[in-house]
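Student: Read off the chains here:
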Amino acid sequence: MYDAVIKPRISETAQAWSTPGPVARGAPAALTGIRVLDLSGLAGQYCGKQFADLGADVILVEPVEGSPVRREGPFLDDRAHAEFSLQFAYFNAGKRGAAIDLDRPEGQHIVRQLAKYADLIIESEKPGLMERRGLSFASLVASNPKLVMTSVTPFGQTGPYANYEAEDVVALALGGLLYLGGYPDTPPIAAHGNQAYLAAAQFASVASMMALLAADEGGDSTGRHVDVSIQECVTMGLETAIQFYDLEKTVRKRASGEQIMAGVGVFACADGEIYLMAGGIASTRFWENLVNWMVDEGVDGARQLLEPAWQSHDYLSTPEAKTIFRALFAPFAERHTKAYLYQTGQSRRIPICPVNTPRDILTSRQLEYRSFFVSQKHAPSGRMLTVPGAPYQLQETPWRQARPAPRLGEHTSEILADLGYDAAARAALLKSGVIN
Amino acid sequence: MKPLPLHGIRVADFTWIGAGSFTTKLLADHGADVIKIESSGRMDSLRSSRPYKDGVPGINRSGYFADRNSSKRSITLNLKTEAGKDLAQRLIATSDIVANNFTPGTMEKFGLGYEAVRAIKPDIIYIAMSMQGSAGPEHKYLGYGLTMGALTGLQFLSGLPEREPAGTGTNFSDHIPNPCHAAFAILAALRHRRRTGVGQYIDVAQTEPTIALLGPAMSDCSANNRIQERTGNDRAPRAPHGVFRCQGQDRWIAISAWQDDTWGALCKVLGDPAFARTPQLATAHGRWVNRHTIDQGISAITCYWDAEDLMSALQFAGVPAGVVRTAADIVDDDPQLRHRGHWVKLAHPEMGESVYNAPPFRINDAPATPVAPAPLLGQHTDDVLTTILGLSAAEIEALRREEILT
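Protein chains in written order, with the numbering used here: chain A, 1 to 436; chain B, 437 to 842.
I should point out that these hints are in silico values taken from the structure, not numbers from a laboratory. No experiment lies behind these values; they were computed from the predicted model shown. Check each hint, because a few of them may be wrong.
Cut-off 16 Å, straight-line C-alpha distance, at most; resulting in silico cross-link-like pairs (EDC-like, lysine to aspartate or glutamate) [said to hold, decoys possible]:
(1) A:Lys146 with B:Asp801
(2) A:Lys249 with B:Glu789
(3) B:Lys438 with A:Asp216
(4) A:Lys249 with B:Asp490
(5) A:Lys249 with B:Asp768
(6) B:Lys516 with B:Glu838
(7) A:Lys126 with A:Glu165
(8) A:Lys249 with B:Asp765
(9) B:Lys438 with A:Glu217
(10) A:Lys253 with A:Asp185
(11) A:Lys377 with A:Asp77
Using the sequences and the hints, build the whole thing.
Tutor: In structure tokens:
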């Protein structure tokens, strides 16, 4: 039926992709010319952002009622509204947006057309759903042989858990990171901020880039399907836990709230906390600097820390050593601010740093020097938002400040027009609720 | 089967410890020829970090080192000597990528700063991953994975509000944010070089990728003037959402059942408990307001359940739930990771068979996996000098006598 309504104009170059971004400037972009369809939610949108920020043309395809990420806080001025989600605004900056119902044949047809000219599709639907929509990798690659499709799911496309339900906390649990978080006397505590989803999005970016490079190689004209498991991505963050079990048969547990060894851990100070790391890997080099500092600051009894016993990791790990050290260092730290302890400690070559709050980070002189934070327009309110900028500085092809995140359906009409849908066809699709 | 995606790419790898080595592991496990340049005088300190095979220390026995250095080759060069520097430069001349995560200035001391390297290899992709970036008022400050977690805000934001900030319990930035961002930047630069012939310098400050991930919390502070608090396992407006005790020693299950349908399904699996029948729990908002009551009610039932049985029952009912797995669980007993072949056992000359992480994604037709265990210190010195630099056995012997290859 939809074929009767729509008369697509199949041109040599896909017009839908040709609209230049507003950021064309002098320096070239590393990913210029790469066309990305981002169909994902929380587990993939950071991947699309990484591509957009290095110059790819990324179209976010949302459901007609809006991406579920639009319902995630925090909200600007605490206004719980689809256009005021700061989370959505941040993870989708730099993308254009189209709202299309992928469960309707007409919507599926639009995406199939867009996919013909895409280099990369990012999606995070349950395994099998894209196939039921007629949008499986196999069907899309048939009309676009170099297509890369990256599928991010909680457990991967196949296997005994493939159809299990998960949210961030569940993936953290089954990936082993949750068990390491928190205090010995509490339940395990999950890391802040959807780190499982974000881990998957980051690995999806790496994998997609590898697949794009491979698909782009001369002579190799076959696209790739990338299967990212969120659970598996979490297992990459377990530090030594796997090896302690494999090699020493020790199961690592959560241990926050205690010094790892004397001189390593969080200590309260006058206006918050600092992290000190003068033992452990660093102990032999920095212990003496630390003790001399304490002596110079008049900490009674600090000199005993120069005795030979304190050069031994085994001794530093004893409750006795931790207790003695805390009794000496804690009152000293409590007299001073984060900034004083950081600056003075570092000037004495001691690995010490503040446990930064978001505000400390926003006012960091080092980040200011690097122009890390950027100002980004929030179109619906007209406000300028201060948000993190370049997480890497590429000298020749710099990260670029992105256009604001799209309003719901902001570019639907423009993208469909470029595909050849005339005004009447677009109006019909809008009226029937296929697009927004 | 196609060649691995990075087949033909060579990395002169000066990285050590955490984030740098994990970055080049990603490249090595996907086919790049990663040559780790070490020296016995200034060893990667992870070689002398626990855990060791059977608990016995040794520079070739650390699991911490091993997992981060699969599929790489190791050569030892004394970079304090002119001849050592010369060999490093000749190796770089054959490389596509130079990687390091030293404090700024260290590579320059070895005569291997970006400008010097570019003179040898004009289209080199050179990545520096220092703690806080290559310039700025704090660029030479000391730091490690744990102090970095504190600098980035992740530690402050994770844990209980009334307790000291907990973080993730690991050097999180080292393992996911920094390696992933660095690898992505390198791959983007490779694409640019392939299209234009132009290489470049990439500067990654090891604090910045993690802060970038915390964009929502940063925006909340900059736009709403709010410093977010630690919330334990609460995630507004989701309730119930959290970790609940199960039968056995330190066994737990994570459950998120805040939507009407999953809440209903959870109650059914738990036997329709009386506490859940209260009318105010019928809405998501009501559940959020009463979350502490709900959490207690759930825990009072889950503590009689075996965690695996409960996960199966909840998943069968469509409720997001997962056992809080230990390292032992995920290596030995996770059927999904086994299905994906995540844990790879490789035979190492000193450690015997030990476990490595495979990459956490699969690219069809190019199944990457660690192909070789971590190298012994200097294991490939002769091999690399012979096959890549074309040195004769006599020349290598002479260099060794002069302590250039230590």
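Student: When the hints from earlier in the document are held up against this structure, which numbers fail?
Tutor: Every hint satisfied by this model.
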